[in-house]
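Protein chains: 2
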Amino acid sequence: MKFQDYKSVNELQELAKTAPNLTKQGYLSDERIRRMAISFGKWRLLYGTERVDEKICKALSNLAMEAGVHEKMNKLQNMDVMNYVNNCKSEERRVGHTAIRNQDKNAKWSAETREAREDYQTELRKLKVFNSKANKFKSMIIVGIGGSYLGTEAVYHALKAFQTDDKKLYFASNVDPDKVNAILAEVDLKTTLVAIISKSGGTLEIKSEEELLRKRYAQAKLNVKDHFILVTGKGSPMDEPSNFLEIFYMWDYIGGRFSVSSMVGAVPLAFVFGMEIWEEFLKGLHEMDQHALNEKDPMKNLPLFGALLGIWNRNFLELPTLAIIPYSQAMNFWSAHLQQLFMESNGKSVAQEDGSFIKHETSPVIWGTVGTEGQHAYYQCIHQGTGEVPIEFIGFASSQREGDAIIEGTTNQEKLLANLFAQAIALAKGDHNLNSNKYFSGNRPSHILLANVLDPYTLGSLLAYHEHYVAYEGFIWGINSFDQEGVQLGKVLANSVIDLFKCQRVKGCTSLDKESALGNAFIAELKLVQEVDFPKNEKKLA
Amino acid sequence: MKFQDYKSVNELQELAKTAPNLTKQGYLSDERIRRMAISFGKWRLLYGTERVDEKICKALSNLAMEAGVHEKMNKLQNMDVMNYVNNCKSEERRVGHTAIRNQDKNAKWSAETREAREDYQTELRKLKVFNSKANKFKSMIIVGIGGSYLGTEAVYHALKAFQTDDKKLYFASNVDPDKVNAILAEVDLKTTLVAIISKSGGTLEIKSEEELLRKRYAQAKLNVKDHFILVTGKGSPMDEPSNFLEIFYMWDYIGGRFSVSSMVGAVPLAFVFGMEIWEEFLKGLHEMDQHALNEKDPMKNLPLFGALLGIWNRNFLELPTLAIIPYSQAMNFWSAHLQQLFMESNGKSVAQEDGSFIKHETSPVIWGTVGTEGQHAYYQCIHQGTGEVPIEFIGFASSQREGDAIIEGTTNQEKLLANLFAQAIALAKGDHNLNSNKYFSGNRPSHILLANVLDPYTLGSLLAYHEHYVAYEGFIWGINSFDQEGVQLGKVLANSVIDLFKCQRVKGCTSLDKESALGNAFIAELKLVQEVDFPKNEKKLA
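Chains as they are written, first to last, in our numbering: chain A, 1 to 542; chain B, 1 to 542.
The following block holds chain A by itself, in its conformation from the complex (with noise of 0.2 Å):
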């Protein structure tokens, strides 16, 4: 069945006419926020501040019963195939990333659950055996792009506070030469790892970086396989022993945007923070994973009552954006991350059952930075701009780091927190102002995610609140949400962009086929901006 024709959509339309108010009289009361509110291990949803009551949480719950989450909970995690679109050529792959961080070895899973589980405690045990080999490293420089190390980068941010050395993560993420050649100028080549992370072995961004940092090892005349690594996929062209100090082994059953807790996050996270932080973060993980398949109730389950919250502001209040933003300066690449997670998973427009064009929104963009930096940057939009932006607010009671102090009567921590509060309430409540430029029209909602502090597993329990978030979204809204058809154009036309370039260098090229006429086109405009730089007649004088 489609989205539209779930009953419950259609009382939801109903019920979006006579959505709340949260500037009425009385209507966002402190009984209103205490009552409003969900809790799983340690963290905390207050919903309070959206634009929901009791009737339409339970038309929400029904849509998620309607659209038969939980079975479609239990699959996913059960490893059955859910990567596929019917009627179209499709990935037609399991979704593995519960099984392997699943700590329950003794539950009743399927054939395939075990064996990921088991297949990806072999690689922890070689890491194991590994990073206490590597100890004379002190940076490691990851080569990936996109999933290889979005969630990386977020989480080694988010838990610096907890290493107890000073090993250092560098990320050449982008095929531009000047970011792999800013890292060069920084770290020392004899105790820097590179770990090349590629699933397919067969990118060529990856390829070049690889190929460039190889010939600096060469250059420093230090032996280069000593070091390099690689995560890939078994049987991947790169899957070379003879090139790779050691390799670490992912499935095809891990996308990359669900790939943090693989060997992808695992070996430089582990490196950096050593196993037993990397185990606490997998734990996180795990008992989040379970909380999302066995509560059953949508309004205690965490991440699916999250879902259904996205979905009202999305398709019934028809709010085209999403900000997400933490106040925690640690939590500072987390959006960078969500992202992708988000936007990558659920930016669809077909139907998973038929392969049909959906006819109703998905993923809104995702943004946002940290509080309180964007207070001070777009919050002048949020609060008095002609749209409206829903918020999910990411909060902590204590800060991660000793050394906060009290000043005029609070703490930084409390202050902090202060400001967090008082922008949900802010938003909602608004100011009927009589001087218009200072009115504040209210009724934005947001909600607030609570827990005591970020450390490794709560951090471990939010990542798989996201997860599971995008994963119910795209349940309720029918579509595929494990494969990413919509970067393959780009691609391909990259490739032939980059065979004109090569065109150039080669005599008696001339291959101007009509698919890359425009290429030649904009690259025409390349010369004429460099020629402002170097005029012609100076370059006849040099």
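By construction, these hints were calculated from the structure, which means they are not laboratory data.
Some clues are possibly wrong.
In this list, chains with the same sequence are indistinguishable; a pair is considered to hold if it fits within one copy or across any two.
[As the list claims (entries may be wrong)] Simulated pairs of lysine-lysine, DSS-like, Cα-Cα distance not exceeding 27 Å:
| id | residue 1 | residue 2 |
| --- | --- | --- |
| 1 | Lys136 | Lys215 |
| 2 | Lys126 | Lys17 |
| 3 | Lys138 | Lys160 |
| 4 | Lys359 | Lys17 |
| 5 | Lys89 | Lys221 |
We have chain A already, so just place chain B on it with the hints.
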């Protein structure tokens, strides 16, 4: 006159109904790409992949003329009072960011403009002397929020390749104590300067950070004053020479988000890059200012035409966001600055003319990260999602740093550019594949800003492009782009929640006024999440 009353707005609404379809066979030609391009200085704007034609461009030009943009730009650069809203109590200030950087001391300007320029020159001379004595310092911690650091941070990262020493900037831009404590874990206080940057000299966050840092210097038994400098409004509460090694001034005609070229940016950026690079940067700004002022043809005026394309996409094609995506790793912080510049300036709902509520959309949500990184993150949604996202791409013919290499026939810079061009083509042309899962609707608009290399002059020029883009947009929408009343409500409410936190430490304090009741409900939630980590029973045992 209001936006909706302009004749050309009516015409553009009609034209939008039959806006060009870029996927039409043969429409997106080589010839079109070449023809639809304008240049100024080092920059070239390619807009063949926008959904415009000659007729639409003509109507957009008419709109600019109807809105009287040239007269307004003239007033702005001549420092007339432009920060006002009629019929509302508002800031009533002049706007002087172009005046201070005016390189032409003989131009016929108002007395205010000449004075602003001279005052700035005086400060720059002070800075030159200061820097010549500050060479023993290796790092600078900038204590500032919003406009006091965002632009500086963006320029710092953009120009790092031009540094000749290894001086570093750190940004204590968040009241989150984890941010400043992470910085303190890295720097050597002995060789570190602290620059407090606050125009008003009265922001609580800044005072808290300053006090915390002064305590640390005192604990380290250093002469505190010798490490603290200040940038502030003359006569602000912080303007106490006895507290600082040096004080640099700014005036109330410099708004935070337009302050990069004032002492706000000059002090930290000349510290790391030297005065010569700073002067080059200012030259780039000034020449774009002059172009914005003197080029009366909207189709040839780079920032004005950029603004018109933005208005076309926002108000007539009705697209709610704008992604700004530089294909340059060094510009990683650019969109964070632009979020403030665009959204704080033009996220408004009130007509400057009479203080009435406007009836059209204003600033879109600004977002984006650097390419190619975004390609493997959110481009899926941009290509195949249900919403459309117009894009401003930014690219450079040459890389900043040495060390690129030819790999498989092309340099990595060429691969980077190939990706940029390919994305613009892919978004516009699409691919009407028979497999619906591989179907790209196309017809998604973008344009490209192209220059030879990201150097100080070119970056200054780009910054002024974006500043004037925003000003022109505001002129046409008829709003005041220079105040930020929308951040006030959150500030006021934050202070009332801070008072509640404070109250907890004061015996007998029971101040629970109605206004802050919601704050108490949220503070109660903090206790709940803390108890998960520290159950009451455990506490008793400890």
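Structure versus earlier hints - violations, ascending order: 2 and 5
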